[in-house]
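Next come the chains, spelled out residue by residue.
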Amino acid sequence: MTVHQLSVFIENKSGALVSVLRLLKQENIQLIASTIADTADYGIFRIICSRPEKAYEVLRGAGVAVSLCEVFAIELDDRPGKAADAIELFAGEGISIAYLYSFLLNGKGVLIFRTDNPEKAAEVIASNGLSVIEEKDLSRLL
Amino acid sequence: MSYQKFFNPEEAYSRSEIEALQLERLQATVKHCMDSPFYRERFRQAGLSPSDIRTLDDLKKIPFTTKQDLRDTYPFGMATVPLDKCVRLHSSSGTTGNPTVILHTQQDLDEWANAVARCLWMVGCRPEDVFQNTSGYGMFTGGLGFQYGAEKVGMLTVPAAAGNTLRQLKFFTDFGTTVVHAIPSYAARLYEVMVEKGIDPRKDTKLRTLVIGAEPHSEDTRKRIEEMLGVKAYNSFGMSEMCGPGVAFECPEQNGMHIWEDYYIVEIVDPDTLEPVPDGTVGELVLTTLKREAMPLLRYRTRDLTRILPGECPCGRHHIRLDRMKGRSDDMIILKGVNIFPIQIETILMQFQELASDYLITLETVDGNDTMTVDVEMKDLYIDDYGKLQALSREITRQLRDEILITPKVRLVPKNTLPKSEGKAVRVVDTRKKY
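Residue numbers (this note's numbering), protein chains in the order written: chain C, 1 to 142; chain A, 1 to 435.
Same shape as in the complex, but just chain C (with noise of 0.2 Å):
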């Protein structure tokens, strides 16, 4: 039900994104989708991307501070609504969404998020039969 996610740690100063994204690079490993946010010191650059455990071993190699976690990727129909419609269902069992993100992907809409309540937000996915994205899925489609 879930995908995997790396977060990397970076400062917020210029060639450290691109340091990150050229071993990646190195090693043909496609992005998929990525936020980072503007801090004054440092970011988090979470990455969806092919071939995730590579990622992971190729950075921690590198002596890159980043983590492989688990987050949800749900899929919607590309028309509007259709993201309040989903989020308003975890918002109504009380859980909280620590961070999401979107994007496209053969014409369906993505939602990646993490929550406070994973085992919770699990079930929310299942007993609303909301389309889930997973690992394997994410690598067919590129």
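No lab work stands behind these hints, which were simulated from the structure alone. Hints are not guaranteed to be accurate.
To be verified - Computed Cβ-Cβ distance ranges for the label pairs, DEER-style:
(1) THR397/A - LYS82/C: 40 to 46 Å
(2) ALA84/C - GLN353/A: 39 to 45 Å
(3) PRO118/C - PRO419/A: 38 to 44 Å
(4) ALA84/C - GLU395/A: 34 to 40 Å
(5) GLY94/C - PHE175/A: 55 to 61 Å
(6) ALA84/C - LEU166/A: 43 to 49 Å
(7) GLN353/A - GLU135/C: 26 to 32 Å
(8) GLU135/C - GLU196/A: 54 to 60 Å
To be verified - Heads up, simulated EDC-like pairs for lysine to aspartate or glutamate below, C-alpha to C-alpha not over 16 Å straight-line:
(9) LYS409/A - ASP41/C
(10) LYS388/A - ASP41/C
(11) LYS415/A - GLU11/C
(12) LYS223/A - GLU253/A
(13) LYS379/A - GLU11/C
Model, not experiment: these values are computed from the prediction. For each residue, glycine too, the CB sits at the ideal point set by N, CA and C.
Given the coordinates of chain C, assemble chain A onto it according to the supplied hints.
Only chain A this time, still in chain C's reference frame:
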């Protein structure tokens, strides 16, 4: 109004008068020290008795006292009077272990105030002056030390304390402040804010005299401050072990700081051999207190490096002059007048499981203010949460602040990103602007 030139008659003493008084007070101090178990044991180990001190030269027979001794006897082990005779203590921050404590009786406080008053009087402070103190109060001796000295002169005092620059400026103009005590970096900051607010210190304030100290600064810094604010700026030297401010002070000649030899015996020694160096040669300043009641110190190694300026001073005082402090014989950082050892910071950082062992302390001047930034390497990012990272840096900041009394900026950085020199971590980078 016309006033006497000297605040105390001792200021005008000849060399022989100073030395006669020193011997008398040294002998009394040594006898008094026998009321402290610490010095009793020291003398016993050295095979010395107070009656062996017959001349000033006999001082050299007495072993040195060090900061470590103060730590080892923390808090009250060096007191020579019962605690019920003491009325105040000041404490400096410790490194890894104990801080140091200096105890004062009422007489000690009176003598301290007198010494500070003498310094202020020497540079022309008079009862009609308005004295504003921008030092932190509390444990930092620059607050209360100057406060009581300025009151003893009879000035109207404005205990503004540290920070809030706009308020400081309002006090200048509203109360007609003529004398200010400020650390040099803050004096420059005051000027910058005056410029921003369209205040001309020469026209819009009555500022005349600045007392600057606690932070090492150059002659150029002094000149810059004098030009900026249209004042005379005088260098002040003190340390909490010797009460605080009032140990040595520049006279109107502005050429070296007279150290009050009726209060202290001065020695300058080679920090390695501990042998005396000739006048004019830089060495470690060693001081013996002559008028301390609660906690006299014999041959205290200050770790400050300076030299005695040879020759007579045209001001008419025969108390010797010390040159500007050249630095420390150890790795202490002085920031905003507070003594900080890198090891204090390291000790706090190492308590956090999330942090790796490398850190970097950067001291820099930002907008005219001296600041400290502490970069710390994270072990690994297992926290995928900005809120938790921010909470972590806040907690590190809070604990550092509690330890060093200054709020540093804490930056979490990825591991292996801090500079290394020859494989060894660089711990302190000091790029502070020397005005």
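Here's how the hints hold up against the structure:
no.: 1; hint: THR397/A - LYS82/C: 40 to 46 Å; in the structure: 43 Å, holds
no.: 2; hint: ALA84/C - GLN353/A: 39 to 45 Å; in the structure: 40 Å, holds
no.: 3; hint: PRO118/C - PRO419/A: 38 to 44 Å; in the structure: 40 Å, holds
no.: 4; hint: ALA84/C - GLU395/A: 34 to 40 Å; in the structure: 37 Å, holds
no.: 5; hint: GLY94/C - PHE175/A: 55 to 61 Å; in the structure: 58 Å, holds
no.: 6; hint: ALA84/C - LEU166/A: 43 to 49 Å; in the structure: 48 Å, holds
no.: 7; hint: GLN353/A - GLU135/C: 26 to 32 Å; in the structure: 31 Å, holds
no.: 8; hint: GLU135/C - GLU196/A: 54 to 60 Å; in the structure: 57 Å, holds
no.: 9; hint: LYS409/A - ASP41/C; in the structure: 11 Å, holds
no.: 10; hint: LYS388/A - ASP41/C; in the structure: 15 Å, holds
no.: 11; hint: LYS415/A - GLU11/C; in the structure: 10 Å, holds
no.: 12; hint: LYS223/A - GLU253/A; in the structure: 14 Å, holds
no.: 13; hint: LYS379/A - GLU11/C; in the structure: 14 Å, holds
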